[in-house]
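Undergrad: What follows is each chain in one-letter form.
Number of protein chains: 2
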Amino acid sequence: MRIAVLGVGLIGGSVGLAAKERLPESEVVGWGRTPANLERAVELGAIDSAAGSIEEACAGADSVLCAAPVAALPAQVEAALGASGPETVVTDAGSTKRELVARFGTDERFIGGHPLAGAETAGVANARADLFEGARWYLTPTNGSSGVLYDRLQRLVAALGARPQAIEAEAHDRVMATVSHLPHVIANALVGEAAAELTRDSERMPEVGPSFRDATRVAGSNPEVWGDIFDSNREAVAESVEALGGRLREAAELIRSGDRNAVTAWHAVAAEERRALLEADLTGGSLRELRVVVNNRPGTIAELALALGEAGVNIEDMALYPAPDMRSGAVTLWVSGAEQAERATELIRGLGHTVTALDGGD
Amino acid sequence: MRIAVLGVGLIGGSVGLAAKERLPESEVVGWGRTPANLERAVELGAIDSAAGSIEEACAGADSVLCAAPVAALPAQVEAALGASGPETVVTDAGSTKRELVARFGTDERFIGGHPLAGAETAGVANARADLFEGARWYLTPTNGSSGVLYDRLQRLVAALGARPQAIEAEAHDRVMATVSHLPHVIANALVGEAAAELTRDSERMPEVGPSFRDATRVAGSNPEVWGDIFDSNREAVAESVEALGGRLREAAELIRSGDRNAVTAWHAVAAEERRALLEADLTGGSLRELRVVVNNRPGTIAELALALGEAGVNIEDMALYPAPDMRSGAVTLWVSGAEQAERATELIRGLGHTVTALDGGD
Chain A
1058 MRIAVLGVGL IGGSVGLAAK ERLPESEVVG WGRTPANLER AVELGAIDSA AGSIEEACAG
1118 ADSVLCAAPV AALPAQVEAA LGASGPETVV TDAGSTKREL VARFGTDERF IGGHPLAGAE
1178 TAGVANARAD LFEGARWYLT PTNGSSGVLY DRLQRLVAAL GARPQAIEAE AHDRVMATVS
1238 HLPHVIANAL VGEAAAELTR DSERMPEVGP SFRDATRVAG SNPEVWGDIF DSNREAVAES
1298 VEALGGRLRE AAELIRSGDR NAVTAWHAVA AEERRALLEA DLTGGSLREL RVVVNNRPGT
1358 IAELALALGE AGVNIEDMAL YPAPDMRSGA VTLWVSGAEQ AERATELIRG LGHTVTALDG
1418 GD
Chain B
1058 MRIAVLGVGL IGGSVGLAAK ERLPESEVVG WGRTPANLER AVELGAIDSA AGSIEEACAG
1118 ADSVLCAAPV AALPAQVEAA LGASGPETVV TDAGSTKREL VARFGTDERF IGGHPLAGAE
1178 TAGVANARAD LFEGARWYLT PTNGSSGVLY DRLQRLVAAL GARPQAIEAE AHDRVMATVS
1238 HLPHVIANAL VGEAAAELTR DSERMPEVGP SFRDATRVAG SNPEVWGDIF DSNREAVAES
1298 VEALGGRLRE AAELIRSGDR NAVTAWHAVA AEERRALLEA DLTGGSLREL RVVVNNRPGT
1358 IAELALALGE AGVNIEDMAL YPAPDMRSGA VTLWVSGAEQ AERATELIRG LGHTVTALDG
1418 GD
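Here the protein sequences come in this chain order: A and B.
Numbering-wise, my numbering comes out as the position in the first sequence, counting from 1, plus 1057.
Numbering-wise, my numbering comes out as the position in the second sequence, counting from 1, plus 1057.
Chain A on its own, in the form it takes in the complex (with noise of 0.2 Å):
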């Protein structure tokens, strides 16, 4: 099988790291538009070979994946089409899906995809053969899309280690603005209405606890990348920050309204909704929330990630609530299932800190 890659930074060049360990009868043909960057893609065994043009990569390719930055995109996928026969795949790994499947969707050979994977990171220095493994992979076939190569596509991805599952574009996007890119302009809003406080009364700098660090971790991360993301789902984008925004007004009434019952039953709702988006996934049961508090010596979380990790429990997230010195401090362990919560708890204890379990039932 011969996979072309155009554009090799972290997810061509894991692409083809991970197709050469997992489908060891596969050709990776690789193009990009900087050649330094694609001679260290062969250098670190990323591709096989490079390619001169589009055309030549996508020569007698059975599957093309288009991996530049969203804003080339609608481009690379034409010229991909245009260079490549009847019988190839080709598919993309952006992530919004409407305003490609809007264009190419009516050709039998492209389908959207957008693997949940590497948005942290850029580079082919950066590249993995694991950076799919487990993760959702979303593919838009339409009704014009080819049965068979839509099948090849999605062997592909599972090939690779992915999950692979078809969406619609348009729900794909909207979902997207949702639980993905809202995050983004909400943490860009918070951290102006903080630096807002400062102007207000300049001799203060308010100092900013765990919450603010963590809802606005993704404050103005990646300006270009995100400004090319904002701009290609910007409908959706736009409809989810409203949306959020008429989530904000109702909350600003309920808690000046002074209903004591109302905000705390608001709030409960809240937990029971963030659970039962993050089990979405999981299956080893129901999430269970840990608190640790630990003792005052360096390296206590490392000492407690390694001793779960040892006796093979997942933490499936954790919030770090640090003392001023970093040294102590407290730490939220979310662990899947009453049986990994007990495991935990017991070699926490062993440990000699002190565990307080949050959620009974089960």
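Fair warning: there could be bad hints in the mix.
[Claimed, not checked] One-sided and incomplete, this derived list gives chain B residues near chain A with beta-carbon spacing under 8 Å:
1. P1143
2. E1330
3. L1335
[Claimed, not checked] Output of the computed footprint for chain B on chain A, the stretches with three or more beta carbons under 8 Å from beta carbons of chain B:
4. 1094–1100
5. 1139–1149
[Unchecked claim] Cβ-Cβ distance ranges computed for the label pairs, FRET-style:
6. A1325(B) x G1142(A): 22 to 28 Å
7. A1215(B) x L1408(A): 30 to 36 Å
8. E1096(A) x Q1222(B): 52 to 58 Å
9. S1343(B) x G1369(A): 38 to 44 Å
10. E1396(B) x A1182(A): 34 to 40 Å
Hints in this document: simulated from the structure, not taken from any laboratory.
As the structure is a computational prediction, the values presented were derived from the model and not from experiment.
Cβ atoms here follow ideal geometry from the backbone N, Cα and C, with glycine treated the same way.
Using the hints, position chain B against chain A.
TA: Chain B only, in chain A's frame:
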């Protein structure tokens, strides 16, 4: 010095432990509504003796700390002032200050307080002597406060390891509304919005990425506690929620406009704002962001944290972007200043990981 602690939970217990460790000549008397907690506090050495009533605890005390939950503070402060002599300073540890100061600020003996520590756990079992080490501890004196008693209080707070800072009650509540309470409102609204996606299309449960996890980590946390906090700061919280709503409306317009350069510039401003906020309290230089790609083996994060800890590199903030199998992924670390960033980079490279330093300059 005799210190009375009313309410022997996490805060009250930690004040006691810190005083025993750092002020060996002090005597700590505790009172609490639950006899079992009071006994436990004695056993843990958090208090020297348990008083049978607020009157007994306050008799002869130099300083009285009211550490009841927010909703119970007005009654407790009133009782403490009634039970204390003219030379006793009475303070509290509540998360909001306006209501208390409006009610008791004319009594020269009452000075409100709020240590920024310990919000994540509760109970005397989690108390520890170093809870306040390096933590900001806001104090809200008024024009009517006794200078002598303010001086005594701020010395006590500093002796417990905290960094006292005077702030007007109104400004305190406004700042807390933005940097502490608002993130909780947002987290609740965001999980509500994502949960609504489920009902829109019941076949599909959206998978959430790291940005969603971070932004919603505090969703629904401690409904009872947060119900009280929101209730006691409802005007300021409602105002900051509305202000954020205004920012979101502007953001939605900006995104919908399709002005990609303006969107990119907005992200860049947010990045700067976040850095400025997190740097507010650092002394080692500006924050440096390091992205680390870690290999596929358990315990890597732990090993990393240990290596940095042992070398004296302070991790100011950390974000994990685990692969779905939780055994590999990327870690973003924020360290303080160019020197620590360089040291960290070397150490991490030495462990065989790829590191990208995102902040150049100086």
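Undergrad: For each hint, tell me whether it holds in the structure or not.
TA: Hint by hint, here is what the structure shows:
no.	hint	result
1	P1143	violated (32 Å)
2	E1330	holds (4 Å)
3	L1335	holds (7 Å)
4	1094–1100	violated (count 0)
5	1139–1149	violated (count 0)
6	A1325(B) x G1142(A): 22 to 28 Å	violated (43 Å)
7	A1215(B) x L1408(A): 30 to 36 Å	holds (32 Å)
8	E1096(A) x Q1222(B): 52 to 58 Å	holds (55 Å)
9	S1343(B) x G1369(A): 38 to 44 Å	holds (41 Å)
10	E1396(B) x A1182(A): 34 to 40 Å	violated (24 Å)
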